[in-house]
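So the sequence shown is numbered by the working numbering: it starts at 10 and just counts up by one.
Think of the hints as simulated: they come from the structure by calculation, not from any bench.
Treat each hint with caution, since some may be false.
What the hints assert, rightly or not - Listed next, with one range per pair, are the computed distances between beta-carbon atoms:
(1) Arg176 / Pro140: 51 to 61 Å
(2) Val119 / Arg162: 53 to 63 Å
(3) Arg147 / Gly94: 52 to 62 Å
Here a beta-carbon is modelled for each residue, glycine too, at the ideal position from N, C-alpha and C.
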Amino acid sequence: MGTDVSIPTWVLLATLGAVVLLALAVVLAVRSVRAVRVGAEADRRAARDDAEQLRRRLEEVERQVARHERAAVRSEQEFVITHLGDEEPADDDTAVEAPVLPAPLFADAVLRESAVRAGTVAAGLRRALAPETLHRVRFAMRREVKRARKQRRADTRQARRDVQARRRAAAGAEVA
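Given the sequences, and given the hints that come with them, work out the whole structure.
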């Protein structure tokens, strides 16, 4: 009775433990899926809010552009070349005024140019600080330092030879 009962009890306990572990795993999986769903819903709401904000900004920019286009209507004139190469003093009556940009368009042009320059500088820095460029510069610097050191040693040796030759010549002149 002891051996017959212990094996089924052991199997029963192992099976019960496995079922409890499986139920625990299912509960944890359900919780993680719910957490992912809640996070996804929050992300979706944030994306929707961002899209709405961008849509409002786009509509505002479109209104500004339409307003500026209406303000900056240019007259369509044809110009006829009446003479070429003759320098005649311009009359004050025929002087053409330089085109003037409205302040918002001028500011927009300046900001775009600044943004393009900033992007160019950033791209240049990114390229200059790339690992292969830094390695190439480091290699060239090491090579130049070695060359300069070698040249200094050669100059020092030559200077010593010259000094010794002068001493020998001076010693030979004193003996004679």
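Q | Consistency of beta-carbon spacing, Pro140 to Arg176, with hint 51 to 61 Å | A | holds (54 Å)
Q: Could you say whether the range 52 to 62 Å given as a hint is met by the Cβ separation of Arg147 and Gly94?
A: holds (59 Å)
**Q.** Range hint compliance [Cβ, Val119 to Arg162, 53 to 63 Å]
**A.** holds (57 Å)
Hint violations for this structure: none, all hints satisfied.
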